[in-house]
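Protein chains: 2
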Amino acid sequence: MSKKPLILVCNDDGITAPGLRMLISVMNEIGDVVVVAPDNPQSGMGHAITINTTLKCNPVTIDEGPQLEYSCSGTPADCVKMAVSEILNKKPDICVSGINHGSNASLNVIYSGTMSAAVEAGIEGVPAVGFSLLNYKWDANFDACRGFVKTITKNILKQKLPEGIVLNVNIPNLKEEEIKGIKVCRQAHGNWKEKFEKRVSPQGEDYYWLTGKFVNLDQGEDTDIWALENGYVSVVPVKFDMTAHHYIQKLNNWDL
Amino acid sequence: MSKKPLILVCNDDGITAPGLRMLISVMNEIGDVVVVAPDNPQSGMGHAITINTTLKCNPVTIDEGPQLEYSCSGTPADCVKMAVSEILNKKPDICVSGINHGSNASLNVIYSGTMSAAVEAGIEGVPAVGFSLLNYKWDANFDACRGFVKTITKNILKQKLPEGIVLNVNIPNLKEEEIKGIKVCRQAHGNWKEKFEKRVSPQGEDYYWLTGKFVNLDQGEDTDIWALENGYVSVVPVKFDMTAHHYIQKLNNWDL
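If you're matching them up, the sequences are chains A and B in order. Under the working numbering, the residues of the first sequence are numbered 16 to 271, in order. Under the working numbering, the residues of the second sequence are numbered 16 to 271, in order.
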């Protein structure tokens with residue numbers, strides 16, 4: 016039996032996405048790789064799961080690597096559930112998600128399908144990390160990610176992660192030699208200023224495209240946004256206990 | 016001009032859901048109500064947003080109440096974005112989401128479309144709360160919710176909520192006189208034990224239904240699960256800074 020770690024790979028851009036293919040090639044150097052990824056893009060799916068309809072999941076071959084691959088009709092969270100419950104016959108040593116085409120820094124963690132796969136793995140008790148490159152293009156160059164992805168993955172395998180914590184890693188869109196290093200950060204406070212672009216269909220019906228611009232509302236130098244703007248890879252420990260513990264005492268003074 | 020509060024109402028079960036209709040009827044007693052809700056059920060959608068396709072949003076009349084209503088083709092988070100950016104000409108005083116048909120206690124907050132609407136409103140700087148009844152049935156009886164929903168909504172309007180915090184309220188499936196009161200709680204630690212039920216289509220293809228059972232892993236008596244099992248309405252303050260702040264120092268000792 017292999018002593019190499021069992022690595023589950025997922026993403027949200029779909030099984031053919033170049034970011035995923037790069038991630039698989041790095042993971043093949045570290046362990047035994049099983050890929051369970053959506054059969055179509057699932058960006059912005061947040062932590063959606065498929066409960067009112069059915070799922071399909073079938074083995075596929077996309078390239079000539081040693082990894083096993085499955086294409087799944089569901090969301091990133093579905094893919095992880097499917098992998099852990101149905102496909103793998105033991106718990107993976109790590110789940111890596113990505114490499115996402117585009118930032119998942121700051122508030123984007125909430126909308127991110129990439130991070131929902133990592134969080135779902137964390138919920139299942141699997142150490143997990145989501146990787147994202149700050150370049151939305153399909154043909155983005157992921158070369159500079161390779162070393163950082165490998166370093167962080169090996170650290171997780173060695174150090175483990177405590178229950179309830181996964182990592183959100185974002186990589187600036189720079190050449191490898193321009194990246195200054197890795198910084199552990201907190202999630203910057205920011206939001207999206209939305210604009211709905213209203214159009215009229217050929218049938219005369221109004222419809223909308225959601226557009227918007229991310230606004231950083233945080234001047235701290237310990238945030239992921241600061242790190243990325245200053246040429247660092249950002250690593251944020253993310254938890255899925257969403258309780259605002261510090262506010263419980265205050266709420267107890269309400270007239271409830 | 017009306018001095019009554021402007022109340023945005025949303026949900027994830029869709030604009031015709033009985034839980035939403037009950038919530039509207041309670042809110043009509045408190046303020047001026049605008050409803051922006053999905054045109055079809057969006058349960059389990061997590062914090063999904065619609066970025067790769069278009070949205071429709073149109074005024075509708077469902078019943079004879081004074082509220083204004085819009086039916087939207089998107090997710091709960093889309094509905095809130097649409098309301099705040101396009102439909103309302105001032106920021107609402109509160110956003111209430113629900114009443115969900117089924118529990119959003121413990122980890123369910125992560126998968127919940129109901130809570131994603133509340134969180135999205137919180138991100139937009141609107142005080143917000145999600146209400147859920149522990150009864151999944153479409154014809155659930157929401158009568159016992161009425162008083163608790165009113166009390167909590169009025170408290171939020173009076174006390175406000177700090178930036179970055181929204182409330183997750185769950186109501187046990189009991190008669191009003193059987194409910195012992197309201198308890199402020201933390202999110203219980205638990206997870207879902209999934210089971211994929213495999214079937215074969217008439218065309219001979221394998222497909223799956225996601226099923227599962229929630230498992231409470233938390234013995235604490237300060238959790239939402241404990242409160243609900245003991246006959247209380249649970250109120251959990253939820254935050255959307257997902258940083259595990261306490262773990263940053265530890266990560267700085269890694270070999271990154």
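Possibly wrong hints are sitting among the right ones.
Identical chains blur together in the list; that is why a pair holds if it fits in one copy or across any two.
[What the hints assert, rightly or not] Straight-line C-alpha distance at most 35 Å; calculated DSBU-like pairs for lysine-lysine:
no., residue 1, residue 2
1, Lys228, Lys265
2, Lys228, Lys254
3, Lys106, Lys228
4, Lys213, Lys265
5, Lys195, Lys105
6, Lys71, Lys190
7, Lys71, Lys195
8, Lys265, Lys190
9, Lys105, Lys190
10, Lys71, Lys265
11, Lys213, Lys190
12, Lys213, Lys195
13, Lys152, Lys175
14, Lys254, Lys265
15, Lys18, Lys165
16, Lys254, Lys175
17, Lys18, Lys265
18, Lys254, Lys19
19, Lys175, Lys195
20, Lys210, Lys106
21, Lys208, Lys254
If you're looking for bench data, these hints aren't it; they were derived computationally from the structure.
Do the hints match the structure? See the list:
1. Taking CA atoms no more than 35 Å apart as the test, Lys228 paired with Lys265 passes in both settings, with 34 Å inside one copy and 33 Å between copies.
2. Proximity of Lys228 and Lys254 under a CA criterion of 35 Å is satisfied in both settings, with 26 Å inside one chain copy and 22 Å between copies.
3. For the identical chains of this complex, Lys106 and Lys228 are inter-copy neighbours only, at 19 Å across copies versus 39 Å inside a copy, given an alpha-carbon limit of 35 Å.
4. Taking identical chains as interchangeable, the C-alpha atoms of Lys213 and Lys265 are never at most 35 Å apart, the minima being 43 Å within one chain and 48 Å between chains.
5. Taking the closest pair of Cα atoms, Lys195 and Lys105 never come within 35 Å of each other, the shortest separation being 38 Å inside a single copy and 44 Å across copies.
6. Proximity of Lys71 and Lys190 under a CA criterion of 35 Å is satisfied in neither setting, with 39 Å inside one chain copy and 41 Å between copies.
7. For the identical chains of this complex, Lys71 and Lys195 are neighbours neither inside a copy (43 Å) nor across copies (45 Å), given an alpha-carbon limit of 35 Å.
8. For a Cα distance limit of 35 Å, the shortest separation of Lys265 from Lys190 across copies, 29 Å, qualifies, whereas the shortest one inside one copy, 48 Å, does not.
9. Taking the shortest alpha-carbon separations for Lys105 and Lys190, neither the intra-copy value of 38 Å nor the inter-copy value of 45 Å comes in at or below 35 Å.
10. With identical chains, the CA atoms of Lys71 and Lys265 are never at most 35 Å apart, being 47 Å at best within one copy and 40 Å at best between copies.
11. For a Cα distance limit of 35 Å, the shortest separation of Lys213 from Lys190 qualifies neither inside one copy, at 38 Å, nor across copies, at 46 Å.
12. Taking the closest pair of Cα atoms, Lys213 and Lys195 never come within 35 Å of each other, the shortest separation being 42 Å inside a single copy and 49 Å across copies.
13. Within a single copy, Lys152 and Lys175 get their C-alpha atoms as close as 32 Å, which meets the 35 Å cut-off; across copies the closest is 42 Å, which misses it.
14. Taking identical chains as interchangeable, the C-alpha atoms of Lys254 and Lys265 lie at most 35 Å apart whether they share a chain (22 Å) or sit on different chains (14 Å).
15. Proximity of Lys18 to Lys165 under the C-alpha cut-off of 35 Å is restricted to the intra-copy arrangement: shortest distance 18 Å within a copy versus 59 Å between copies.
16. Taking CA atoms no more than 35 Å apart as the test, Lys254 paired with Lys175 passes in both settings, with 15 Å inside one copy and 26 Å between copies.
17. Taking CA atoms no more than 35 Å apart as the test, Lys18 paired with Lys265 passes between copies only; the shortest distance there is 28 Å, against 51 Å inside one copy.
18. In this assembly of identical chains, the alpha carbons of Lys254 and Lys19 lie at most 35 Å apart only when taken from the same copy (28 Å versus 38 Å across copies).
19. In this homomeric assembly, Lys175 and Lys195 come within 35 Å of each other (Cα to Cα) only inside a single copy, at 25 Å, whereas the closest approach across copies is 43 Å.
20. In this assembly of identical chains, the alpha carbons of Lys210 and Lys106 lie at most 35 Å apart only when taken from different copies (15 Å versus 43 Å within one copy).
21. Proximity of Lys208 and Lys254 under a CA criterion of 35 Å is satisfied in both settings, with 25 Å inside one chain copy and 20 Å between copies.
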